[in-house]
Amino acid sequence: MKKVILLSEIIIFLGDIVSAVYGLEEDFYVSGIASRETSDKDLIDWVHPNCIDAQKTAEASMSRLIITSQNVSYTRALQDAEKVLIQVENPYNTIAIVGNEFFVEKPHPGVHESAVLSDSASIGQNASIGANAVIDGCTIGDNCVIAENVIIRKCVTIGDHVTVKAGAILGEAGFNFIDNKKGGLMRFPQLGRVIIGDWVDIGSHTCVDRGAFSDTIIGDNAKINNLCHIAHNVQIGEKTIIAAHVNVSGSTQIGSNVWIGPNATFRGHQTVGDHAFIGSGANVVSDIPSNEVWVGNPARFLRKNEK
Amino acid sequence: MKKVILLSEIIIFLGDIVSAVYGLEEDFYVSGIASRETSDKDLIDWVHPNCIDAQKTAEASMSRLIITSQNVSYTRALQDAEKVLIQVENPYNTIAIVGNEFFVEKPHPGVHESAVLSDSASIGQNASIGANAVIDGCTIGDNCVIAENVIIRKCVTIGDHVTVKAGAILGEAGFNFIDNKKGGLMRFPQLGRVIIGDWVDIGSHTCVDRGAFSDTIIGDNAKINNLCHIAHNVQIGEKTIIAAHVNVSGSTQIGSNVWIGPNATFRGHQTVGDHAFIGSGANVVSDIPSNEVWVGNPARFLRKNEK
Amino acid sequence: MKKVILLSEIIIFLGDIVSAVYGLEEDFYVSGIASRETSDKDLIDWVHPNCIDAQKTAEASMSRLIITSQNVSYTRALQDAEKVLIQVENPYNTIAIVGNEFFVEKPHPGVHESAVLSDSASIGQNASIGANAVIDGCTIGDNCVIAENVIIRKCVTIGDHVTVKAGAILGEAGFNFIDNKKGGLMRFPQLGRVIIGDWVDIGSHTCVDRGAFSDTIIGDNAKINNLCHIAHNVQIGEKTIIAAHVNVSGSTQIGSNVWIGPNATFRGHQTVGDHAFIGSGANVVSDIPSNEVWVGNPARFLRKNEK
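Residue numbers (numbering that gives the first Met the number 0), protein chains in the order written: chain A, 0 to 306; chain B, 0 to 306; chain C, 0 to 306.
FYI, nobody ran anything at the bench for these hints, they're computed from the structure.
Do not rely on the hints blindly, as some may be mistaken.
[To be verified] Output of the computed footprint for chain A on chain C, the stretches with three or more beta carbons under 8 Å from beta carbons of chain A: (1) 50–64; (2) 98–110; (3) 170–180; (4) 237–243; (5) 258–269.
Given the structure is predicted, the values throughout are model-derived calculations rather than measurements.
In this text, a Cβ means the ideal position worked out from N, Cα and C, and glycines have one as well.
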């Protein structure tokens, strides 16, 4: 069953964000958010603030409700088509807020009956723990979402508002073998912790290994996508964004506000400065200063990161 | 216990595919299919149609039963060795059919008792749902095999004859964060669907994210290997083959009959034409026309794809 | 609760490894191993044999107990600070042995109640099988650790002292599709085995596919990190080390004592000689002789591997 929301609810929720409303004669229901491919009169449409032909785009919309910035006027064409126009400062941000509030399904707090939860785990308020999750004696903050099949070992501490997507594995021993002097190899002891800040996202099947003797650290608001490997003793700064399949080998230190493209590799023991930008598929084998864009294999300086 | 099959059963099953049978005096059992490394008289041997010395290869076989094309004759040597020779047009295809019919173990239809199945899931005939699978209110067609630990969210629609291997995750929110204007980042709402055609294979631990507002689409007969990431709003055409570790970032559109080598990366928003061939480890940062071979980092045109 | 160990226990355990002990007036407890970041008087500190200023490093330590080679003397400074100095031939190796013996938590032998175990599985002594593991009728040796969510198919044989980390999948059908002559594709039958030697480590979410007709083989003491893909009919030699995200495509043969860097790719059907070294992010599309270092995309010879 499709979820429907009254327009008036949305306007009340947005409050001060709304600069102006045009054409609202009677309340009606909307059932989602439109895209170029899925347009429909019941879906909320919106015009990106950078759209080069905003007025025309708005007038071509199939939707009854359109959210735009003030670069779209309530013209006769919109009027005749009985559209409702809501003007806001930033339609992109507004549509995100509306989508998250009204249409994104929230996980229910609680622990699924199939989860394996240690008595010594410390779990904050409003946590949601999914099916088949294995939660050892770790510490998890408030408002966290731990999805299905996630494994969290004892050595892990997680802040508030953290999402760990399905199948992620946090706190395993790092990959560090030495000669055992008997013809074989033995794992070097891995005794450190994993410390994860607030508002962090960890992607599906991503692995974050514990440090050897000191810790693996992920800063507040860092966002890590699916199938990444974050090795022992790695440090990742605040608001750093890591795309899928990224491999951060041991003891690499990555600053804050760094952007790392899909399938980039760090050989290990590199340092990456704040606001660096690492291209997709980059193979990083040297240190990268702040505010630089590096790409290629091996990764090389391309240009300053002006952003 | 090894499975054994009577030769007569195989001949009956093959029917018209068999051009000629030589040396069959009495029925006997076979127990599998030979390879260069595992030869044995009870295993069915076969000679690839492109083999440069087919006759000699057949005569050197340890097996009692040999399947070849008509470029192998039932010589005195084969006769004296009491071999049975079956001639077919395409031994490669024939051995595949025989292997799949008689020796590959089929999953049993049914839902494993440990699976977590939503009441609102719509599941077709003869589906097999493995242990610890989590199936939300999605739609799954007939004759599908959903292996262990697979997670399928509500927004997913799957056709008939689809195999989803263990640990695959279908329908998660895409990786798309924007400034939340409070010093942090928020996920842009992800409300689209995942639409998967018929005869699709999804590899182990592969992640297919839902679209943001429109859909992520995988065409009929597409085959995707292990540990791939198929991001939000990606489209993949029919009969496209994607090797392991491939990263297809958001909104990339890939045509039909494309071959994508292991560990190739798409930066996002690229278009790839039909019958393109992308080499292993390619880092695709631009559009690729139809019928072209591209390789390298960044990926560059190598030659026309004559195949 | 932190684990504490009496120093005398450690000295007794080390036995002959200890060359000399200085400053031991009375027994005391230690609670772990120090690192540059986590120093504390109760942690055992140690000086790497290659440290360029070993004496000074030892004297600057916060720890009460320091393990060094004989290049550190029990100076007046150490004496005045009431330090205990243990001299050994190889402090790096010694600290590994001490860490593994006294501080690394060992898995408990036994099968978790949520594991799905086939009656026909043959499992050796002292095995530990984690939560939600799915163990089909395979063979597993003595002293193996099979972590949570691991899937092991019937066609797999595992030696002794093997660790399979969480989410690894062993023995799935390989990725091998051929034209089905009806407009689609069919999987070529995959009937071979996976043979894993002794003392092997398989990383989290790593997939090891079975061979088509012959076998996929992993030699003794091979160590494979997280999120790797080992395809059908691959052979990996003894003591070969494979970092995370490595993709070894079908029928590749890798020798012994090879080191493969993170996110390296093998296109398939390559041969790699013993003691080769493959750099991070290398895209291997040709054979690599023994004792050579190859890097880049495509991977090229860089230099002899002198190590």
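Hint check results:
1. Given a C-beta distance limit of less than 8 Å, the hint that chain A covers the segment 50–64 of chain C is violated, as 0 residues qualify and 3 are needed.
2. Coverage of a stretch by a chain is defined here by at least three residues with a beta carbon nearer than 8 Å to that chain's beta carbons; for the segment 98–110 of chain C and chain A the count is 5, and the condition holds.
3. Given a C-beta distance limit of less than 8 Å, the hint that chain A covers the segment 170–180 of chain C is violated, as 0 residues qualify and 3 are needed.
4. Evaluation of the coverage hint for the segment 237–243 of chain C: fulfilled, as 4 residues show C-beta separations to chain A shorter than 8 Å, against a requirement of three.
5. Counting residues of the segment 258–269 of chain C whose C-beta sits closer than 8 Å to any C-beta of chain A gives 3, which meets the bar of three, so the coverage hint holds.
Checked against the numbered hints above, the structure breaks hints 1 and 3 and satisfies the rest.
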